[in-house]
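*Asks:* Chain by chain, the residues:
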Amino acid sequence: MSIAESSASVEVSELTPEEATAVFDRIVRSALNLSGEQFLADFDAGKFDDVEPDAHPGLLDVLMALPLVR
Amino acid sequence: MPGATPYQAVEAFLAPIERALACLGTGKVVVSPRGRADTSKTHSWTLNAGKGIVLRGQAAGSRFLASMHYRIIPTDPEKYDVEQGRWRVTTSAYLYEFRAPDNAKLWAMHWHPAGKSHATFPHLHLYTVRPDGNFVTPRQTLESAVQWCIEMGAEPQNSQWRTVLAES
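Those protein sequence lines, which keep their order, are chains U and L.
Taking the working numbering, the leading residue of the first sequence gets 1, the next gets one more, and so forth.
Taking the working numbering, the leading residue of the second sequence gets 1001, the next gets one more, and so forth.
Simulated from the structure, these hints should not be mistaken for laboratory data.
Some clues are possibly wrong.
What the hints assert, rightly or not - Each computed DSS-like pair below joins lysine-lysine, with the alpha-carbon atoms no more than 30 Å apart:
| no. | chain 1 | residue 1 | chain 2 | residue 2 |
| --- | --- | --- | --- | --- |
| 1 | L | 1051 | U | 47 |
| 2 | L | 1105 | U | 47 |
| 3 | L | 1105 | L | 1116 |
| 4 | L | 1116 | U | 47 |
| 5 | L | 1105 | L | 1028 |
| 6 | U | 47 | L | 1079 |
| 7 | L | 1028 | L | 1041 |
With these hints in hand, go ahead and build the complete structure from the sequences.
*Replies:* Shown next, in the form of structure tokens:
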């Protein structure tokens, strides 16, 4: 196994509400091909109530990102 | 990891996460708004805003995705020493996934107890072994997921990675 001699680092970035909305929208578009706004409307209407996240590709990615906007 | 304030508790919670992820590369732990202050709601962090980290070495081009839900809670004096900090952070969900360069999921450690999922317990997906099911596991740590990435061929970005992961 090779080991890189790098200066890799990870920092924390706390989003503003506006930034979080944009990140959430990007995640939803990438995962479900919906806008963030459309997903939230569908979510609030119960469209995903009976959907198993593990069986619906992309849904868990979006649910994990939900605290960005809720 | 306790803290005198919510901010300090979250900083103490995130510090070992930052160190563990840095064993794989450079990136950002992106925290939801007021995720170091607001004690009234569930927060999340995601690695590079959901994009994950691109791995190097034999796993070059593969990605590691990670995110957690957490809450900032008052320290329970019956369980912990309040003198060490009045606030703590508790994890309420996690997602750690290893994706091949074509974005196919090879394995995933999940725990998402809220919502309608049948799998409210921590579980492991081994997609090539059991495409439509999962394996029940104890709660998995981010550090173990990082170690799995390295064992899958990701080049460690820190020669002391074993020590870093063991101490996190």
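*Asks:* Checking against the hints above, which ones are violated?
*Replies:* Hint 6 contradicted; others consistent.
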